[in-house]
Amino acid sequence: MLVEAGHFALALALGLSLIQFVVPLWGARANDPVLMAVAPTSALAVLGCLAFSFLALTFAYVSSDFSVLNVLQNSHSAKPLIYKISGVWGNHEGSMLLWVLILALFGGVVAVSRNTIPMRLQANTLAVQAAVTIAFLLFILTTSNPFTRVVPAPAEGQDLNPLLQDPGLAIHPPLLYIGYVGFSISFAFACAALIDGRIDAVWARIVRPWTLGAWAFLTLGIAMGSYWAYYELGWGGWWFWDPVENASLMPWLAGTALMHSTVVMEKRDALKVWTILLAILTFSLSLLGTFLVRSGVLTSVHSFAVDPERGTFILGILILFIGGSLALFAWRAPMLRQGGLFAPVSREGALVLNNLFLATACATVFIGTLYPLALEVLTGEKISVGAPFFNFTFLPLIVPLLLLLPLGQTLAWKRGNFLGTAQRLYAVFGLSLVATVAMFAFTYDGPVAAPIGVGLGVYLILGSLNEIVTRSWSKGNSLAVAWRKASGLPRSAWGTSIAHAGVGLTVIGIAATAWGVEGLGTLKTGERLKAGAYEARLERVVPRVEANYREDAATLTIFRNGQELGTVDSMKRLYVTRGMPTTEAGIMTVGLGQVYASLGEIQPDGSVGVMLYHKPLVLLIWLGSVVMAAGGALSLTDRRLRIGAPVRAKVGPAAPVPAE
Amino acid sequence: MTRKQRRLTLIGVAGCVLAVALGLVLYAMNDTIVFFNSPADIQAKSVQPGTRIRLGGLVKEGTVQRGGDQQITFEVMDAQASIRVNYKGLLPDLFREGQGIVAEGMLESPSVFRADTVLAKHDENYMPREVADTLKKQGHWQGEANAAPKTQ
Amino acid sequence: MVIWIILLAMTAAAVMAVLWPLSRHYAVGRQGDPDTQFYREQMAEIERDQARGVLLPSEAEAAKAEAGRRLLRATGMQGEAFAAVGEPALRRRRAASTLALSVIPILALATYEIYGSPQLLAEPPGVQMQQRAGSLDLMSAVAQIESHLAQNPQDGRGWEVIAPVYLRMGRAEDAARAYEAAIRYLGPEANRLANYGEVLVLAKDGLVSAQAQAAFEEALKLEPALPKPRFYLARAAAQDGHADKARAAYAELLSASPADAPWTEAVKQELAALGEPQPAAGQQGEPQIGADDIARMVSGLANRLEAQGGTADEWARLMRSYAVLGQRDKAVAAAQRARQALSQDDAALKTIDTMAQELKLTDAQP
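Going line by line, the protein sequences match chains G, U and L.
For the first sequence, full-length UniProt numbering begins at 1 and goes up steadily by one.
For the second sequence, full-length UniProt numbering begins at 1 and goes up steadily by one.
For the third sequence, full-length UniProt numbering begins at 1 and goes up steadily by one.
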């Protein structure tokens, strides 16, 4: 009964969204505040309906109601409770429901932020948001309905794909979706501004927190997904340049650019047209990501839906929204007023460069991801564009960006002094160089790229630190004064520095992978396998039976230079219901690095193939991402962002502005 | 600087970055892209030894031999041809005789392939997409493969 | 009944969410221009923040100055004044209310009617729960056997035990696989083969496939008097279009069995079906759907494919439907038409050929 009510709520949300789309737009055109006031209440009602609908589906999962086809196909009564719940979005239909729920959630937050958004902008924004909701609700109802029933109900379900029975999955898609869908708000604001024909710094100040929030969640989502792939797929890789991963990286790159260009727009009223375009592109790439993953045009571990009907529908949505918004852009953008002026060497100039590099890098990922698909459609030739392509094209575009980052961060607004700025970074240059040389000396016969990469990371961290130090400490001041000044800096300044330092941490983590070592061998009980300074001894292989799988668990003792560190368990599992085998890697964290053991087949004579990796500093990759997201979150808490207080532009490099 | 000069500077820099990016992409397209081939393709196109390719097909039943130290050889076949594959490493979970796989590596001679990665990505039918497509094209695929043993 | 009240209440609440702001026009009207209102409120909030010490005085000053500037600008734009009162505004509100009152309920009910399962609303929810309680023991038993079999896949007896359970759970294909394993490890035995054949038939919705037929024939070789394979082979004959042969086989089976044998009734039904003219042969379909319904569905599919064409799978489905209904000649005709329609598509032709061979439509070969 609850399930049917949930289904009905979904239908109700469709009707409400239609009202939310039509009435506020009409109100904004007719200048009627009463009609515009329909937008927030209907947005909240849509949120209520979708939340109820989602809860109803969750209830069906928790109570193992196999009369619901979706539950039948993706759940099993013997599954632990947490995977019953995460199973709700571990499949195509449920994940799309989560997608619109998050969309409505953002709409609801816009609806209650009455005090920070002018009424007309709010009405138009919610109307655009409703258009997206309508499209996706239609998609769900017609092609991916999670509430389809099976009568009579079978007694047992078919279980969730075992790869997905993992805590990582429980959080990865929601985080990613909050990021993807969060950009829909920037998109809706951009379209609303185009419809209204008015756009200024206030607009940028209103949009920036939403972009920032979406970006922080997307960062966490991508990091989570990467970590999940790292420990669950058993190959020990953390990024495969798989199309599914690229699908989330592209909106991230565009979103990062957007986040920076809104700063320029907010402070200097410049780059308006470009910012609007970026907002549209970022959400378009989010939609593209949804399309790539959900339509089944790619087959990889992530795409569990293969259905041309759905693909065509999402392609339609994609064309409608990207085409529609770009047409709106082409029609309205020329009417926007020219913004403030700035010299090429200035903070604005640096941020333009940042946008240029990010957008170009995004474009290369786009080409690498879609070219094979296009080629296959056009010629039938199958190619694979893998890591070599992306490393070759992406890195040369990202490394200059990272090199410029601390410089740009230090430059003044409007007109900067390049040499003066560089002078302020002498210490940073020097220390990073020392770090690089020290690394070379320390690992003199190791790979060349690693110390350079680590040096780059150190440079980024020190550069961010330098920004805080120079803004709060000048010669002759006591430490106490400096501390007071530093804590008086706006939170957004701290947020920026922390996020950039996070980039540095991730860069160090990535560079250090070059020092990784691995060993491969077939082990009998008591035998040892070496990987660099680390060694593993096979203790025993024990079969175990759990509720929904059985496994052979190998216990390995890990040694470093002959000294025992402890044991890890690595498993070969067979999920009985689906008859699907998986590998669970045994992972031991040593400092910031990890020892990673993966099992091969178990031979009839009891010996087992083992792959042992040592991955120094590997945790920094994800830790850095978490720090980036934390920096974004800290910026979000800045009071001035919320009430939209302007910040005076920093005029000269030598004159710290007391107002900040 | 006037507004016009500034705009020219901007366009110039953007043009440079885009040109570099385009160059990189074009160069990489020539150099790093790996073509997908089935054993029959390798014979038909007479792919040069030393070329890096992706090889897809079915693991021939009864050909998997495990040497010491995780050294593994097996044959990958399609309807028309088969090729010997040498691989050192752990096989993926879904690697089985008779199932479809994709191996990436170097063609050593027209009949021997050295793989450095073996993938068994799959849909519900335990069949990598490329392999399924190829087999379909060759007309050796039925949706319900085991339903009609008499057809072959 | 209760559920309808709930759905009604949900709809009412949704409509109210739209009507409520529309009815508040006096409040909004008195507020005046919402844009200037927005900046006034913002200035008030900045003052509150400054008083609480969250903002530095200089920051607050700048913020207030900016909000003031925007307030001035918004006031200056009174040319396009907000129109919340007056006759046109009233008409707009009425139109919006009518829109909400009609669109929301109609769209929601129509959508739900199309995609939902309203017939399930009548069913008391308790029934399903009781069923589940009964099946819970069964399920844990299945899980136990499954994990045992995962460890000892050579245990043919285990496979044989679990096969009928799978069948009862509606997993006919798993049951077939289980019997296959049982036959592999315990060896062929007449009853086992017969059961194997039966689940194959059930997995194909009543169609006796070539594979099932082979199983039945082998079973009869081992034990010629076994009724189950004889029954299904008779049905296979009927499906192949040999009605006389089928009738003879059924009659023979009937005379050889004791009068109170459990299968007598089924055999008599099949015989009766064969005796009647063609369309009624659909009796052996699912019992809850009438033969007429099936015939109608099949002819609907046939008409659609004829008119608009379709995929190979759809043509194959049509062929199979005719075969299950015992309308062999039509199945043959469908195969030929499918070949014409799909002659450009090799893969599709392959599917049709496969289906034709599976259905033993030998005269349908090109």
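Think of the hints as simulated: they come from the structure by calculation, not from any bench.
Everything numeric in this text was worked out from a predicted model, so none of it was measured.
Cβ coordinates follow ideal geometry from the N, Cα and C atoms, glycine included.
Fair warning: there could be bad hints in the mix.
For the chain G half of the interface with chain L, some residues (derived, Cβ under 8 angstroms), not all of them [stated by the list, open to error]: (1) Gly15; (2) Asn145; (3) Phe291; (4) Arg550; (5) Asp638.
On the chain U side, residues computed to face chain G include the following (Cβ under 10 angstroms) [as the list claims (entries may be wrong)]: (6) Arg3; (7) Ile33; (8) Asp93.
Verification of the hints:
1. Gly15: holds (4 angstroms)
2. Asn145: Since chain L brings a Cβ to about 6 angstroms from asparagine 145 of chain G, closer than 8 angstroms, the hint holds.
3. Phe291: Not OK, violated: phenylalanine 291 of chain G not within 8 angstroms of chain L, min 23 angstroms.
4. Arg550: Since chain L brings a Cβ to about 5 angstroms from arginine 550 of chain G, closer than 8 angstroms, the hint holds.
5. Asp638: At 11 angstroms from the nearest chain L Cβ, aspartate 638 of chain G fails the 8 angstroms test, so the hint is violated.
6. Arg3: Because about 7 angstroms separates arginine 3 of chain U from the closest Cβ in chain G, which is inside the 10 angstroms limit, the hint holds.
7. Ile33: Isoleucine 33 of chain U check passes; min Cβ-Cβ to chain G is 5 angstroms, inside 10 angstroms.
8. Asp93: holds (4 angstroms)
When each numbered hint is compared with the structure, violations occur for hints 3 and 5.
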